[in-house]
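Engineer: The lines below spell out each chain.
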Amino acid sequence: MAQENPLSISLLYLSLLFSFLLNCAERQPVKETITFAYCILNPRYTNQTVIVDSLYRLTAEIKDTAGISGAIVFITQENTGETTYFVETYRRGTYQDTMKGKWVKPKANYKLFVSFQSDTLTSQTTVPDTFRIISPENFDTLSYPSLGYLTWHKSQGAVVYLVAIFHPDTIKPTLPVVTQDTFFDLDRWKAFYFDTSALYIIKVYAWDENRYRHMIVKKQLPDTLGDGLGHFSSQTQDTIAIYIRTTQPGARRLIP
Amino acid sequence: MKRTVFLALVSLLFTLARGAVIKGFVKEKGTKEPLIGCNVYLENTGLGSSSNKEGYYVITGIKEGEYKIIFSYVGYKEVSKNLSVKRDTTITLNIELEREIIKLPEIKVQAKRSEFEEEVNISATKLSPIQLKSFPNFLEGDLIRSLQYLPGVVTANDFSAALYVRGGAADQNLILLDGVNIYNPFHIGGLFSVFDISALQGAEFLTGGFPAEYGGRLSSVLDVDVKEGNKETYQGKCGVGLLSARFLGEGPLLREKSSFFFSFRRTYFDKALSLFNINFPYYFYDLHLKANLEISPKTKVFFSGFINSDIFDFGFRKTRIYFDWGNRTASIFLRHIFHPQVFTKTYLTFSRYLYNIDIAEEVIWVKDWINEYSLKSDGIYFITSNNELKFGLEGKINECRYQTSVLGFSLDIKAFPRYLNFYLSDKWKPIQGLILETGLRLDNSFVPYQGQKVTHHLLSPRLGVKYFILEDLAGKIALGRFTQFITALLPEYQPAPFLYVWVPSFGPHKPQVANHFIAGIEKWFGEELNLTVEGYYKKYERIQEYNEKFDPLNIEATILREGKGEAYGFDFLAKRELGRLTGWLAYSYSKVLVKFGARSYFPFYDRRHNFNLVGMFSLPKGYALSGRFVYTTGSPYTEPVGHYRDWYWGHRYERWAFYWGEIPGEKNNARYPPYHRLDLGMEKEWRIKNTNLIGRLEVINVYNQRNVLFFYYDYEKSPPVKKAFSMLPIFPSLSLEWQF
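Sequence lines, in order, name chains A and B.
In the working numbering, each residue carries its 1-based index in the first sequence increased by 53.
In the working numbering, each residue carries its 1-based index in the second sequence increased by 12.
For the record, the hints were derived by calculation from the structure and aren't laboratory data.
Values in this document were obtained by computation on a predicted structure and should not be read as measured data.
Misleading hints may appear alongside valid ones.
Unchecked claim - In silico BS3-like links for lysine-lysine, alpha-carbon gap of 30 Å or less:
id, chain 1, residue 1, chain 2, residue 2
1, B, Lys75, B, Lys65
2, B, Lys80, B, Lys310
3, B, Lys138, B, Lys310
4, B, Lys734, A, Lys116
5, B, Lys249, B, Lys89
6, B, Lys561, A, Lys164
7, B, Lys729, A, Lys116
8, B, Lys426, B, Lys379
9, B, Lys735, A, Lys116
10, A, Lys243, B, Lys379
Unchecked claim - Computed footprint of chain A on chain B; a stretch qualifies when at least three of its residues, placed anywhere within it, have a C-beta under 8 Å from a C-beta of chain A:
id, segment
11, 459 to 473
12, 641 to 654
13, 723 to 737
What the hints assert, rightly or not - Restraint-style ranges between C-beta atoms, simulated for each label pair:
id, chain 1, residue 1, chain 2, residue 2, range
14, B, Lys379, A, Thr175, 41 to 51 Å
15, B, Glu411, A, Asp234, 44 to 54 Å
16, A, Glu131, B, Ala569, 32 to 42 Å
The beta carbon of each residue, even a glycine, is placed where N, CA and C say it ideally should be.
Turn these sequences into a full structure, and let the hints steer you where they fit.
Structural biologist: This is the structure we're talking about:
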């Protein structure tokens, strides 16, 4: 407990730093009836999700009424004209397609339509190409002090890559790294990410421009959904698990 | 030919001062420290002067005859001498004044009264060490916090010592330490300033309409001088407070020719908390060093250095989180008296403000610094007793740099502006009861932009007038144009801004400009009570602030946003400096409106009503009581008008999640509740052999008022519940100081 105060202070300062560096978006004044949507297409998934939501008054009670129900949602592949309709799930405001297979294709252009009452939202994205992590290989064991580099193939159409490393201790927050390179120096950042001997999950995401703008630059494209609150974007990903052996005693290796 | 003309001009100037001259230095007896602002006058003649920062004074234009010369200074015994003055002679009279044994409340205020008669002093407060110590403290004696009690000064909150003067932003204050620019004078999150009162010789605070010798900032000037050091004996002082310990030392290097002074202060709560198994690895320290050598009666050289740092070095698991920030200054300055009537000071200075952030051994890092290299010369020519001409020249180079790498993104902002400044300022008493202070300043900046050197020349006229309507009543007017070539990139509202990123007005941006119009009256009621009312109007022709939507690929053109603004209001001050009960009542009305783009709004430092009541009461047997009550209108803030679920993709579990985001309303569309607080203190001084022991007990926020720092919403509740985060609760503190 005694160590949490300094951390929270550092996170506060860090957040101030982020706000300086990453051009915090200045939200537009509220339009009470505004509708916005979120969707990230990912060829890896069978079902894609669209979330349709709105603004709320500070005085509004919204326990079970959050989310927009009854919206018309579909996605069209621009060059083929194929249209995929979405239906609302048991979660209010959450829509999923009814396709039975993976239908999002790498490098394809898609356009999203969301219609609710008088609001119509449209936006489009180009899905980055799929790619593979080259090294280390899945389930490799790496030992201190030399962990080497994480490398991956270039993804056509990707603006940046996000590297997320997950500690086996699930309550430890992860701090993803965004890079335009196709490598990541594990040695340089090992003290930060790999502080104990354990199995770590590494995910690398390739982001399209919409996702990059929404998450990092916070500058919206003109047709981005809902006055910059929502976004329609796409990403592809690859995942590996690696065992890190540090000088510190660590967790038991669960997977051979 | 040119030389002949020059010599003829110089001769002509000196012949303007016909009659005899009395000049010399005023110093403190026992230490030989110069006394700044000591009043020196010839009784019943109307001739007089006051000592400058070096303790130097000159009275010119004296006719042959018998005179009584009087030296008068707050907290010191008055000294008078009879002189026989012969025609056209120069008399050197160095005087040492002895401290009054009695406490401050009982001292004579003749000196202050004389200052009223001799100086224009518009929006100016001069503070001697004794006066500085008389301010109520908060944990630490602090110069900048003390200034917050004065009219025209607004603060952000309990956690920030930043000053907002008459509608000016925090970066519009020029802060000089021994003539060196200090770019960020704060410790912790701005909770304390870097100036330890015990180390100071004096300070002058100008809240507007300042003379031409000061430039480069739009709103105010704080000119601080560190002690020179005792030239006769070695002295020391130890102090232990709730937060920090300090040690001061001074003494002669060469008896009566040279002395040194140093002070060191360090917080120790990092060590103290560790005793309770609480890990808070933060500390700050500051170190003043000063030495001087009198080469001849006319020439003296000074060396001054200052270092302060705040360090936060924390390890979380194997991750090191490191912050440090602070100032480094060094200066050499030469004081030379070319002629009894020409006094000059030449400075070679270096100032650096820097901060570093390093998380996980440069996984995330920031390096920011501003360096200043300056060569300047200031002079005073005492033409006659009624006319003083000040002149100066300064060449300056800045190096501004901000580098960072955060999560794979890097940013590099750099600028190397150069400046060349001149000024002339004249104080003239053309007739009895009228003082005119005119000035002209020329600031030139040269900033490279897109391969070209962009040059700006700005002329700043200044005028100050004081007219004595009655013997005890004077009217004052000040007008002036002020320029600023540098801006601190501070997000719109940080509770405690301390990490300043300074950039010049570069790219397509021109320097910032403001015009001041000030008018007021000053009235003395006998020797006890002084009343001042000043109204002001400040027009900001061009101001700049940090543009959060800057383009990283075109930083120079986009990182600053230009706007306009105006501020107006009035300050009222009633001050009593005589008797057992002393103190003042200050009230300020202030309205500030700024406009950036199409949007006009009241900035967060627009606090309309500011009321301060400060009192000190001395009791027998070394006891003294002090108290301060403050009431201010709440700061503007932006109240959200709605909220929404900000959805994000969770990478660990690969599913959607959300946190609540807020939709802000119009900029600064609401105000926090009014702020008020009462602080009380008690001091007791014990004399133990030849040393003094002083104990202080202070209670901050006596009635535990929950002043609001900011509001936030608890979105776990539906509808959301508005909650407040409060400023300081009731807070007692105890400190001891041992002087030996």
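Engineer: Taking the hints in turn, state whether each one holds.
Structural biologist: Outcome of the hint check:
1. With a C-alpha separation of about 27 Å, the suggested pairing of lysine 75(B) with lysine 65(B) holds against the 30 Å cut-off.
2. For the proposed pair lysine 80(B) and lysine 310(B), the alpha carbon gap of about 26 Å is at most 30 Å, so the pair holds.
3. Taking the CA atoms of lysine 138(B) and lysine 310(B), the gap is near 26 Å; set against the 30 Å cutoff, the hint holds.
4. Note on lysine 734(B) and lysine 116(A): the hinted pairing holds, with a Cα-Cα distance of about 17 Å set against a maximum of 30 Å.
5. Restraint check: the Cα-Cα separation between lysine 249(B) and lysine 89(B) comes to about 24 Å, which is no more than 30 Å; the hinted pair holds.
6. Taking the CA atoms of lysine 561(B) and lysine 164(A), the gap is about 28 Å. The hint holds against a cut of 30 Å.
7. For the hint linking lysine 729(B) to lysine 116(A), the alpha-carbon distance of about 9 Å falls within 30 Å, and the restraint holds.
8. Straight-line distance between C-alpha atoms of lysine 426(B) and lysine 379(B) comes to about 12 Å, which keeps the hinted pair within the 30 Å bound.
9. Note on lysine 735(B) and lysine 116(A): the hinted pairing holds, with a Cα-Cα distance of about 20 Å set against a maximum of 30 Å.
10. For the hint pairing lysine 243(A) with lysine 379(B), the CA-to-CA distance comes to about 22 Å; that is within 30 Å, so the pair holds.
11. For the segment 459 to 473 of chain B, the proposed coverage by chain A is not satisfied: 0 residues have a C-beta within less than 8 Å of a C-beta in that chain, short of the threshold of three.
12. Counting residues of the segment 641 to 654 of chain B whose C-beta lies closer than 8 Å to any C-beta of chain A gives 3; at least three are required, and the coverage claim holds.
13. For the segment 723 to 737 of chain B, the stated coverage by chain A is satisfied: 5 residues place a CB nearer than 8 Å to a CB of that chain, which reaches the threshold of 3.
14. As the Cβ distance of lysine 379(B) to threonine 175(A) is approximately 44 Å, the hint placing it in 41 to 51 Å holds.
15. For the hinted restraint 44 to 54 Å between glutamate 411(B) and aspartate 234(A), the CB-CB distance of approximately 31 Å leaves it violated.
16. Restraint check, glutamate 131(A) to alanine 569(B): a C-beta distance of roughly 36 Å satisfies the suggested window 32 to 42 Å.
Violated hints, listed in ascending order, are 11 and 15; each of the other numbered hints is respected by the structure.
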